[in-house]
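2 protein chains.
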Amino acid sequence: MNKLSTESYKGVRDFYPEDKFVQEYIFGKMRKVVEAFGYEEYDASILEPTDLYRAKSGEELINEQVYNFEDRGGRDVTLRPEMTPTLARMVAKKKRDLGFPLRWYSIPNFFRYERPQKGRLREFWQLNADVFGVEGIEAEVEIITMSYKIMRELGAVEKDFIIKINDRDFINFFLTDFNLSEEEKYKVTKIFDRKNKTEVSKFENEIEEILGDKSNVFLNKISELENAEGKTPADIKNLMEKLEKAGITNVVFDPFLMRGLDYYTGIVFEVFDTNPDNNRAMFGGGRYDRLLEIFDGEKVPAFGFGMGDVTALEFLKSRDLIPEYISLTDLYLCILDEKYTEFTDDLAQALRAQDINVVVDYSYKKIDKQLKNADKKKVPFVICIGENEVKNDKFVLKRMVDGKEFEVSRGEIKTVIEKI
Amino acid sequence: MNKLSTESYKGVRDFYPEDKFVQEYIFGKMRKVVEAFGYEEYDASILEPTDLYRAKSGEELINEQVYNFEDRGGRDVTLRPEMTPTLARMVAKKKRDLGFPLRWYSIPNFFRYERPQKGRLREFWQLNADVFGVEGIEAEVEIITMSYKIMRELGAVEKDFIIKINDRDFINFFLTDFNLSEEEKYKVTKIFDRKNKTEVSKFENEIEEILGDKSNVFLNKISELENAEGKTPADIKNLMEKLEKAGITNVVFDPFLMRGLDYYTGIVFEVFDTNPDNNRAMFGGGRYDRLLEIFDGEKVPAFGFGMGDVTALEFLKSRDLIPEYISLTDLYLCILDEKYTEFTDDLAQALRAQDINVVVDYSYKKIDKQLKNADKKKVPFVICIGENEVKNDKFVLKRMVDGKEFEVSRGEIKTVIEKI
Numbered sequence: 001m002n003k004l005s006t007e008s009y010k011g012v013r014d015f016y017p018e019d020k021f022v023q024e025y026i027f028g029k030m031r032k033v034v035e036a037f038g039y040e041e042y043d044a045s046i047l048e049p050t051d052l053y054r055a056k057s058g059e060e061l062i063n064e065q066v067y068n069f070e071d072r073g074g075r076d077v078t079l080r081p082e083m084t085p086t087l088a089r090m091v092a093k094k095k096r097d098l099g100f101p102l103r104w105y106s107i108p109n110f111f112r113y114e115r116p117q118k119g120r121l122r123e124f125w126q127l128n129a130d131v132f133g134v135e136g137i138e139a140e141v142e143i144i145t146m147s148y149k150i151m152r153e154l155g156a157v158e159k160d161f162i163i164k165i166n167d168r169d170f171i172n173f174f175l176t177d178f179n180l181s182e183e184e185k186y187k188v189t190k191i192f193d194r195k196n197k198t199e200v201s202k203f204e205n206e207i208e209e210i211l212g213d214k215s216n217v218f219l220n221k222i223s224e225l226e227n228a229e230g231k232t233p234a235d236i237k238n239l240m241e242k243l244e245k246a247g248i249t250n251v252v253f254d255p256f257l258m259r260g261l262d263y264y265t266g267i268v269f270e271v272f273d274t275n276p277d278n279n280r281a282m283f284g285g286g287r288y289d290r291l292l293e294i295f296d297g298e299k300v301p302a303f304g305f306g307m308g309d310v311t312a313l314e315f316l317k318s319r320d321l322i323p324e325y326i327s328l329t330d331l332y333l334c335i336l337d338e339k340y341t342e343f344t345d346d347l348a349q350a351l352r353a354q355d356i357n358v359v360v361d362y363s364y365k366k367i368d369k370q371l372k373n374a375d376k377k378k379v380p381f382v383i384c385i386g387e388n389e390v391k392n393d394k395f396v397l398k399r400m401v402d403g404k405e406f407e408v409s410r411g412e413i414k415t416v417i418e419k420i
Numbered sequence: 421m422n423k424l425s426t427e428s429y430k431g432v433r434d435f436y437p438e439d440k441f442v443q444e445y446i447f448g449k450m451r452k453v454v455e456a457f458g459y460e461e462y463d464a465s466i467l468e469p470t471d472l473y474r475a476k477s478g479e480e481l482i483n484e485q486v487y488n489f490e491d492r493g494g495r496d497v498t499l500r501p502e503m504t505p506t507l508a509r510m511v512a513k514k515k516r517d518l519g520f521p522l523r524w525y526s527i528p529n530f531f532r533y534e535r536p537q538k539g540r541l542r543e544f545w546q547l548n549a550d551v552f553g554v555e556g557i558e559a560e561v562e563i564i565t566m567s568y569k570i571m572r573e574l575g576a577v578e579k580d581f582i583i584k585i586n587d588r589d590f591i592n593f594f595l596t597d598f599n600l601s602e603e604e605k606y607k608v609t610k611i612f613d614r615k616n617k618t619e620v621s622k623f624e625n626e627i628e629e630i631l632g633d634k635s636n637v638f639l640n641k642i643s644e645l646e647n648a649e650g651k652t653p654a655d656i657k658n659l660m661e662k663l664e665k666a667g668i669t670n671v672v673f674d675p676f677l678m679r680g681l682d683y684y685t686g687i688v689f690e691v692f693d694t695n696p697d698n699n700r701a702m703f704g705g706g707r708y709d710r711l712l713e714i715f716d717g718e719k720v721p722a723f724g725f726g727m728g729d730v731t732a733l734e735f736l737k738s739r740d741l742i743p744e745y746i747s748l749t750d751l752y753l754c755i756l757d758e759k760y761t762e763f764t765d766d767l768a769q770a771l772r773a774q775d776i777n778v779v780v781d782y783s784y785k786k787i788d789k790q791l792k793n794a795d796k797k798k799v800p801f802v803i804c805i806g807e808n809e810v811k812n813d814k815f816v817l818k819r820m821v822d823g824k825e826f827e828v829s830r831g832e833i834k835t836v837i838e839k840i
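Chains as they are written, first to last, in the working numbering: chain A, 1 to 420; chain B, 421 to 840.
Keep in mind the hints are simulated off the structure, nothing from the lab.
Each residue gets a CB set at the ideal place from its N, CA and C atoms; glycine is no exception.
Do not rely on the hints blindly, as some may be mistaken.
To be verified - Label pairs and their in silico Cβ distance ranges:
{"no.": "1", "chain 1": "B", "residue 1": "LYS605", "chain 2": "A", "residue 2": "LYS404", "range": "37 to 43 Å"}
{"no.": "2", "chain 1": "B", "residue 1": "GLU762", "chain 2": "A", "residue 2": "LYS404", "range": "39 to 45 Å"}
{"no.": "3", "chain 1": "B", "residue 1": "GLU484", "chain 2": "A", "residue 2": "PRO233", "range": "45 to 51 Å"}
{"no.": "4", "chain 1": "B", "residue 1": "GLY519", "chain 2": "A", "residue 2": "THR415", "range": "24 to 30 Å"}
{"no.": "5", "chain 1": "A", "residue 1": "LYS299", "chain 2": "B", "residue 2": "GLN769", "range": "44 to 50 Å"}
{"no.": "6", "chain 1": "A", "residue 1": "LYS404", "chain 2": "B", "residue 2": "GLY680", "range": "46 to 52 Å"}
{"no.": "7", "chain 1": "A", "residue 1": "GLU412", "chain 2": "B", "residue 2": "SER829", "range": "39 to 45 Å"}
{"no.": "8", "chain 1": "B", "residue 1": "LYS789", "chain 2": "A", "residue 2": "LYS231", "range": "35 to 41 Å"}
{"no.": "9", "chain 1": "B", "residue 1": "LYS452", "chain 2": "A", "residue 2": "GLU244", "range": "25 to 31 Å"}
{"no.": "10", "chain 1": "B", "residue 1": "GLU484", "chain 2": "A", "residue 2": "PHE178", "range": "55 to 61 Å"}
{"no.": "11", "chain 1": "B", "residue 1": "GLY680", "chain 2": "A", "residue 2": "GLU114", "range": "56 to 62 Å"}
{"no.": "12", "chain 1": "A", "residue 1": "ASN216", "chain 2": "B", "residue 2": "GLN769", "range": "29 to 35 Å"}
{"no.": "13", "chain 1": "B", "residue 1": "LYS452", "chain 2": "A", "residue 2": "ASP235", "range": "44 to 50 Å"}
{"no.": "14", "chain 1": "B", "residue 1": "LYS789", "chain 2": "A", "residue 2": "GLU114", "range": "56 to 62 Å"}
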C-alpha cells in the first residue's frame, strides 16, 4: 500500500490543541479590547472574485502573491490576501441600511504566496478592526489606542514596541513642486515603502532616477520633518498629543512610513518591535477615505488596522509571554473494569448537568496508563471508578498538580473542584 | 470610473454582524456540548495537498465537487471539502506523542462545487468531533449523545428529529453469497447511498444490473432486517438500548443508510429533520477504524461526526428558533459638541477599565441621529454628554428598550447597567 504523507501544505500550519490554545489566547485578547470599544464582529468567505483586488490592492500583491484560479464555471477567483477590499464591498453593498459611525471587526485567515520564513507564512490569521463614518482624528486616536491596548493585554510593556505614524499626504505635498505624472508619484511612494529594506545609496539612486537633480532638495525637505521637532506637521502633533493624553507615549513620527497598500489616503501607522534582534514592523493600519468609491463613486471616511497572528506569536515567543496550556476539561474519570461503565456514565452525565466538563476513559487500559493520559491532557482532577465507588457512592478526587487526594460524596464533587 | 460589483462569489455568504451573531450562537451551543464531554479544539489550513483526498474520500467528491488548482510552484492543492482526512493526517503524524483515547473537535469551513440550493452552499462551516482509541460501542454512544444534546441545546424537542443508525458491515455480510468483485460491492453501497433520492424502480434496476436475478433475494434480506423487529442485529440493538438509558429514544435502525464517504467501516448514523416539508438528513457520522492505515499501515479505532452550519440554520429557521440579536456593547455615548470630546473619552476609558463595553459617537451629527444609530446597533443604554454632564459629572442613563431614564453619578454607571 502506498503510504501517504502526513505533512501539511508548505507554509501553512496544523494547530494541535496546544497550538490552538495559544492562538485562541491571542484572539481572546484582541476580542476583549475591540469589543470594549464597541466593535461588532463580521465575517465573509475566503473566496472572492479576483476583480475585487485588481482595483486597489497594489500590483505586487495581485501579480506575484495571490492564490487565484479559475473555478469549474470559468470564474476567476482569489483566496483573499487581505480583508479591507471584502470589508469595503460589504459596507458599500448595504450602506443605506447600516448606521454610521460603523465599527466592525473580524479575525479571518489570508493566503499569500511567499517564501515561508520567520514571522511570514503562506497562511495567517489577522484581526481587522475598522471604523467608518468618522472624518476627524478621533478615528486615528481610537484605532491606535486599541493597537496599544492589545499589545499591553498580551503582556508587552511600553518599551517593547514603538508606534510610528505618518501622513501619506506629505509626500504628495512635497512632490507638487516637481511636476511629476501620477505614475511617477506612485513610484516614489513605492521606493519610500521599500526604504527600510534598501541600502541608502540604492534608495537615493532610485529617487534620483525619477526626480533628477532635484532629488536632494526633495529628500532634505522630507528628512527635515523628521529631525526638526518644531517642524512636525500639525495633524501629526495633534494626534501625538491626544495619544499622550490617553497614556500612550511610545509614538514617533516617521515621514518615510508609507505602508504597501495603494488605498491609503492620509494617516498611516505601524507598530515596531523594539527588540534589536527583531526590529521590524509587526502590524499597522491607516486611513482609506476613498476606497468605497470603487463600488458606487461615493466616499466614506474610513480608518482601520490589521494585526496578524504569526507576528504576534513571534513577539510573544521572543518575550517569553506564551501562556501555559490550560485544559477546559475539569475532571477525568478512569474505569477499573468494563462492568462499572454504566455507573461511570451516569456519574458523568450528572456532573455535566452541573456544568462540569467530564471526560471518561473507555480504553479499559491499566489504571496507570489512564492516569498518564489524564496527565498528558492536563486535566486537573481525576476520579477512578471501581467496586468501592459503585458500592458506597463515595469517591477519591485526585488533584493532578500535586497528587493530593480528597474524599468526596457525589454531591460534593462540583463544590470541591470549584474551590480548590 | 468603472464600478465594481458588491456581490460576493456565488454560493458563499457575507456575514453581517447579525448573521455572524446567529452563526456564533450555533457554534457556541456546539462548543458547550463537546467541551462538556472533554473534546479539545484543533484546527488546520483549508489548503491541503490534493493527494490527501484521492485515497479515501470517494470519487464523486474528488472528480466533480472539489476546488483544486495548481499553486505557483506547480503543486496540486485542494480547498478541503471535509475535515476527516486532515484530522487523520494530523493524528497519524503525532501518534506516538498523543495520548489515547483522544477527543478532538474543530469548526472549520469547507468548499464544495455544487449548485447552490436551500440548505446547500458552496462554502459551509461544520463542527467535527472525533474520538480515537475507543474500540467499543462507548464511542458510538458518546458521539450520538452529543449530536442529540446539540439539537436539544439549539431548542429542538425530541419529535423534531430522528436518529437513523446502521452498520455498513451488514451489506457486506449479505453480499458474501453473491461472489462479487470489490468494485461491484462498492457500486452496491453507492446505489444504496442514493436510494432516498432515487425512484424505487430505478433503484431496483440498478441493483439487478449488478446482482442479476439474485437481486430480489438480496433486497428481501436487507428489508427483513428493517421490518422484523426481532431481527435487529445485536450491535444495533445494544447501541439503541444504551442510548435509551441516556434518555435518547428517537432512534431507528435503517439498513439502507450508507453515508457517502468511502472510509466508513462500521456503525454509521444520520440525524433527520422530521418536518414533512424538509424531511432529509441534516448531519451524521460513523466509524472509520481503517482510515489511518493510509499513512503508516496501522489501524486506530475512530468514530466521529460532522454537523454543518447551513443545515442547522435552515432547521432553526423552520422551527422559529433563531435568537434575537444581542449587542456586546453595553453603553453608547453621544457627544453634543466637539468641545466635550475629551471629557467623553475620559469617561469611556474609565468605564472600559471597569469592563463596560463603551462606544463613542464621534460623528457630531444631531442628537436624534446619534440616538437612532444607538438603536440600530441595539446597544441597550445611552448617555449624552453636554454642558451639564461636564459641569456636574452627573448623567442621564437612558434604557433604550423602554426609554426609561436613570440619574446616575459616574461611580454608579456600572452598577446600574448591570442591575437593570
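Satisfaction of the hinted span 39 to 45 Å by the C-beta atoms belonging to GLU412/A and SER829/B: With Cβ atoms ~44 Å apart, the hint holds.
Do the Cβ positions of GLU484/B and PRO233/A conform to the proposed distance bound of 45 to 51 Å? At 59 Å between Cβs, range violated.
Whether the CB-CB distance between LYS789/B and LYS231/A falls inside 35 to 41 Å: Since LYS789/B and LYS231/A have Cβ atoms about 39 Å apart, the given range 35 to 41 Å holds.
For GLU762/B and LYS404/A, compare the CB-CB distance with the range 39 to 45 Å and indicate the outcome. At 54 Å between Cβs, range violated.
May I ask you to test the hint 56 to 62 Å on the CB atoms belonging to LYS789/B and GLU114/A? 45 Å, violated
Satisfaction of the hinted span 46 to 52 Å by the C-beta atoms belonging to LYS404/A and GLY680/B: Hint holds: Cβ distance 51 Å, inside 46 to 52 Å.
GLN769/B and ASN216/A - C-beta distance against the hinted 29 to 35 Å: 46 Å, violated
I want to verify a distance hint. Is the separation of the beta carbons of GLY680/B and GLU114/A within 56 to 62 Å? Between GLY680/B and GLU114/A, where Cβ atoms are some 37 Å apart, the hint is violated.
Given a hint of 37 to 43 Å, does the C-beta separation of LYS605/B and LYS404/A actually sit inside it? With Cβ atoms ~57 Å apart, the hint is violated.
Satisfaction of the hinted span 55 to 61 Å by the C-beta atoms belonging to GLU484/B and PHE178/A: 58 Å, holds
Assessment of proposed distance window 24 to 30 Å (beta carbons of GLY519/B, THR415/A): Because 29 Å falls inside the window, the suggested range holds.
Taking 44 to 50 Å as the hint, is the beta-carbon distance of LYS299/A and GLN769/B inside that range? 30 Å, violated
The structure does not agree with the numbered hints 1, 2, 3, 5, 9, 11, 12 and 14 stated previously, though it agrees with the rest.
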